[in-house]
Amino acid sequence: MPVGVGLGSPGERWRERHLRVLMLAPALTILGALTLFPTLYMFTASVQRVSADPGVPRAFVGLDNFIRMASDSQFHVGLLNTIIFTACAVTVEFLLGLGLALLFDRFIRHFNFLKTVLMIPMMLPPIAVAITWKLIYQPQFGVLNELMYRLGLPLRAWAGDVHLAMFTIILADIWEWTPFVFLLMLAGLASLPVEPYEAAEIDGASAWQQFWDLTLPFLKPVIAIALLLRAMDAMRLFDLVFILTGGGPANSTIVLSLYIFQVAFRFVDIGYAAAISLFVLAVTTVLSTWFIKRMKLAD
Amino acid sequence: MGAIRTRNRGRERALRWLAYAVAALALLWTLFPIYWIGINSFKLDLDIFAVPPVWFDFSPTLKHYYAAFVERPFLIYAMNSMIIAVLTTLVSLVFGTMAGYALARFQYPGRWRYNISFWILSTRMMPPIVTIIPLFIFFGTVNLLNTKTAVVIAYTAFNLPFVIWMMKSYFQDLPVELEEAAIVDGDTRWGAFLHVALPLARPGLAATAIFCLILSWNEFLLALILTQTEQSVTLPIGIAGRVTQYTTYWGEISAAGFLASIPIVIFAFIVQRHLVRGLSLGAIKG
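Sequence order for the protein chains is Z and D. For the first sequence, the positions run 842 to 1140 when our numbering is used. For the second sequence, the positions run 2 to 287 when our numbering is used.
Hint data in this document are derived by calculation from the structure and do not stem from the laboratory. None of these values were measured; they are calculated from a predicted model. Possibly wrong hints are sitting among the right ones.
[Claimed, not checked] Short derived list, chain Z residues pointing at chain D, Cβ under 10 Å:
1. L869
2. M883
3. Q889
4. P898
5. A911
6. S912
7. C929
8. F954
9. V958
10. P967
11. A1013
12. L1024
13. A1046
14. S1129
[Claimed, not checked] According to the in silico footprint, chain Z covers these stretches of chain D (three or more CB under 8 Å from chain Z):
15. 20-34
16. 58-69
17. 144-154
18. 187-198
19. 205-212
20. 248-256
[Claimed, not checked] In silico negatives: residues of chain D with every beta carbon more than 10 Å from chain Z:
21. G11
22. R73
23. L76
24. I77
25. I84
26. L91
27. A103
28. G111
29. M126
30. I130
31. L175
32. L179
33. L201
34. T230
35. E231
36. Q232
Beta carbons are placed, not taken as given, at the ideal position from N, Cα and C, and that holds for glycine.
Okay, chain D solo, but in the shape it has when bound:
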């Protein structure tokens, strides 16, 4: 008996060290590409193109940041991305929260609650390439191509199902008694939503808002089709535009790509507790 236990303990310890080694490897695998793009954005062209690669030892420069954000219009692209992300988040949050609340709290005849929820979810699963062609033609006929309005409208459609679903599940987790008490005290149904349910759902609202911001900030395909002029392009499309058939402007795109990633990493740490709920319905990618 004693012998077996010692052997097990030995194996347990070996496994534990194996686990640490694997975790270290996973960390290296995860962080190296991020380190590499980051470090390259601070290198002179000479060091970017060096063979063998320059791993640590180089004289850092902000030249590429200057080239991208001062000489080239990456600042405008970043502003476009930011404005679009904020507007999309506001619109989808206002309408999505109301709908989510209505689905979580009200009575429906027959299977209507299920049918509506089902339909909302199925729109979320539609591949964007399917809807974008008609939207492109539609926005073309109403002269909205290359405007932030068109992008915000398209993004709202892709964010709404997600917001509705998130907020519905948050409201369902809240005790209904508090709202009932407010109504007994003379508040209206709408007032109970506004003054009782909404403040209680604030953590959920914040997490959902951050997911919406990430989703819009990262989105690629729709923006690629809907924005083509220098003035309307979003940051991801601006970066893609510097990867041309003939040259790739490595310094510039590394600088812009690295800078575009920083807010996302901060957001990742803010929403880490909500990640599982959010990700179960594609919080990250359209």
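Just chain Z, same shape as in the assembly:
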């Protein structure tokens, strides 16, 4: 495209010549300042002891903060809980979302209103989701215990029970995020080509064979997007835990982001919080790099 041929004032000509940079600069400056500066800060803080009192100078401690991670049982519990939560929640959300999408694609097309209603949970403010489930789990007057009572089952403390607290968080997350998988799968199914199915029909393939040999392979890219986005999101889980259990009882639901939050703002140990943050950052960077490359998002 010819750029800036025979234009008016010198200012206008200058603007035209540098338009590419001028249009990118504001966004990239803001993004750069707000991501590069914090990352650099975290790198320096991770090898220092940072006192809560700004008057006390920082001390260089080498890799102490990272070595501490190896022997910190709280960190291990947080890591394990994060992995358990991510694995359970994402698996169930995926299976439910895919199953529901297959049913809708086959039998309940053109019900856009109904589909949008099913999308509501993931759009709601997470705080609203958290207090809603807190109310449902409430041991004395919550409806879950009412249901248990009607079914003749023993009443539970739910979010207050060491063995059930993680389950309550997973269940609330399933309610909130299954719609996300459902929506992506529905979109994936709607874009499938028709011809292979017609051919398979003529060859006498069963519905089950068609699902395994055609639908699943075709859906693979969408499935990868859904699983990766959900997994990356699940690893930063914070609000549900913060409201439903606060990490308790007895640390049974502490997850990495909540632990970092506590180390930084309750124990005011910025250096150690930085070390754990870098660990989380490393894991997400590996995942997100793989994700962006694989999905060709940046192309």
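Given the coordinates of chain Z, assemble chain D onto it according to the supplied hints.
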């Protein structure tokens, strides 16, 4: 042959009814919690704490709405949330749209287009807990803690990659010929963006703006750390503040939580056509 077909038809019908049953169950599962929080916000405390629970039959009251929005400063929290959401959306939309357009339309030497896009996307994937600690310290030293400015700056950083990516993909879907024609007719490159591309991208802009509003309105972790005073707190943090170690003010938080959800549900219906594109890059959650 005939027998097989009838059997298949019978199975098909059974499956269809199964699908309807599952859909009804999914609808119940989705709507019950929303119904429950909504209904509880209109109950007297007596009915909230009733065992067995009161499902439908109670005398509705606006007491909790009055308590939250008149007696307690939830109106201020809601205003804070609204101002922050609107400002964040404006700033990220202006800068993000320009950058998205530049990435969609201009030529770059070597692999620069890819590198810049890649970097922008990778900032979107950063866990917020990693960036928030330095930002908290930074805003503390420049005396911006507990101000809307700090929250808007932080939110802009989290919204920008999303806006850039959305708008880039919208501009790439627009035919370039219209802008070329405008330039041939004597318009500048900037003019072609302003007068041709931007008006054409209006549906995309609207959808992106709504996603930004939802994202900022819903955000929890950053606001929790950046706002702590009564005057600066956003609605989600205000609600969380009424869940204390000793008591939970069920009526108040139900009222505020339910009211905070209503605009989001309306937005959900407005942007339903754009949901897939938006969600593929985390339109909803930071």
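Checked hints:
With a least beta-carbon distance of about 7 Å to chain D, the hint placing Z:L869 at the interface is held under the 10 Å criterion. Annotation: Z:M883 was flagged as interfacial toward chain D, and the flag holds, the nearest CB pair being 6 Å apart, inside 10 Å. Because the smallest distance between the Cβ of Z:Q889 and any Cβ of chain D comes to about 13 Å, over 10 Å, the interface hint for this residue is violated. For Z:P898, the interface hint is violated, since its Cβ never comes within 10 Å of a Cβ in chain D; the closest pair sits about 15 Å apart.
At its closest, the beta carbon of Z:A911 sits 20 Å from a beta carbon of chain D; the interface hint therefore is violated under the 10 Å criterion. Residue-level restraint check for Z:S912 is violated (minimum Cβ-Cβ distance to chain D is 22 Å; threshold 10 Å). Because the closest C-beta pair between Z:C929 and chain D is about 18 Å apart, greater than 10 Å, the hint is violated. Given hint, Z:F954 at the interface with chain D, holds; its Cβ is 8 Å from that chain's nearest Cβ, closer than 10 Å.
Against a cut-off of 10 Å between C-beta atoms, the interface hint on Z:V958 holds, since the closest Cβ of chain D lies about 7 Å away. Interface hint status for Z:P967: upheld, as the beta-carbon distance to the closest one in chain D is roughly 6 Å, under 10 Å. For the restraint placing Z:A1013 at the interface with chain D, the shortest Cβ-Cβ distance is roughly 9 Å, inside the 10 Å limit, so the hint holds. The closest approach between the C-beta of Z:L1024 and any C-beta of chain D is roughly 6 Å, which is under the 10 Å cut-off, so the hint is satisfied.
Violation of the interface hint for Z:A1046 is found here, the shortest Cβ-Cβ separation to chain D being roughly 14 Å, above the 10 Å cut-off. Among the interface hints, the one on Z:S1129 holds; its C-beta lies about 4 Å from the nearest C-beta in chain D, closer than the 10 Å criterion. Note: the stretch 20-34 of chain D has 10 residues with beta-carbon separation from chain Z under 8 Å; the three-residue rule is met and the coverage holds. Counting residues of the stretch 58-69 of chain D whose beta carbon lies closer than 8 Å to any beta carbon of chain Z gives 0, which falls short of the minimum of three for the stated coverage.
Only when three residues or more bring their CB closer than 8 Å to a CB of chain Z does the claim for the stretch 144-154 of chain D stand; here the count is 1, and the claim is violated. For the stretch 187-198 of chain D, the stated coverage by chain Z is satisfied: 4 residues place a CB nearer than 8 Å to a CB of that chain, which reaches the threshold of 3. Interface restraint, the stretch 205-212 of chain D with chain Z: violated (0 residues with C-beta to C-beta distance below 8 Å; minimum three). By the rule of at least three residues with a Cβ nearer than 8 Å to a Cβ of chain Z, the coverage given for the stretch 248-256 of chain D holds, with 4 such residues.
Distance check for D:G11 against chain Z: the nearest CB is about 15 Å away, which clears 10 Å, and the non-interface claim stands. Under the 10 Å C-beta cut-off, the non-interface status given to D:R73 relative to chain Z holds; the minimum distance is some 16 Å. Distance to chain Z confirms D:L76 as a non-interface residue, since its nearest Cβ pair spans about 17 Å, more than 10 Å. At roughly 17 Å, the least C-beta separation between D:I77 and chain Z is larger than 10 Å, which holds for a residue marked as non-interface.
The beta carbon of D:I84 sits about 16 Å from the closest Cβ of chain Z, which is more than 10 Å, so the claim that it is off the interface holds. Residue-level check passed: D:L91 sits 13 Å from the nearest beta carbon of chain Z, beyond 10 Å. For D:A103, the requirement that its beta carbon stay farther than 10 Å from each beta carbon of chain Z is not met, with the minimum near 4 Å. The beta carbon of D:G111 is kept farther than 10 Å from every beta carbon of chain Z, the shortest such distance being approximately 14 Å.
Here D:M126 does not stay apart from chain Z, with its beta-carbon only about 4 Å from theirs, under the 10 Å limit. A Cβ of chain Z approaches the Cβ of D:I130 within 10 Å, the least distance being about 4 Å, so the stated non-interface status is violated. Distance check for D:L175 against chain Z: the nearest CB is about 15 Å away, which clears 10 Å, and the non-interface claim stands. Against chain Z, the non-interface label of D:L179 holds: every CB pair exceeds 10 Å, the least being about 12 Å.
Interface exclusion of D:L201 from chain Z stands, the closest Cβ pair being 17 Å apart, more than 10 Å. No Cβ of chain Z comes within 10 Å of the Cβ of D:T230; the nearest lies about 16 Å off, and the non-interface call holds. Annotated as non-interface, D:E231 keeps its C-beta farther than 10 Å from every C-beta of chain Z; the closest such distance is 17 Å. With a minimum CB-CB distance of about 19 Å to chain Z, D:Q232 clears the 10 Å threshold, and the non-interface call stands.
Of the hints listed earlier, those the structure fails to meet are numbers 3, 4, 5, 6, 7, 13, 16, 17, 19, 27, 29 and 30, in rising order.
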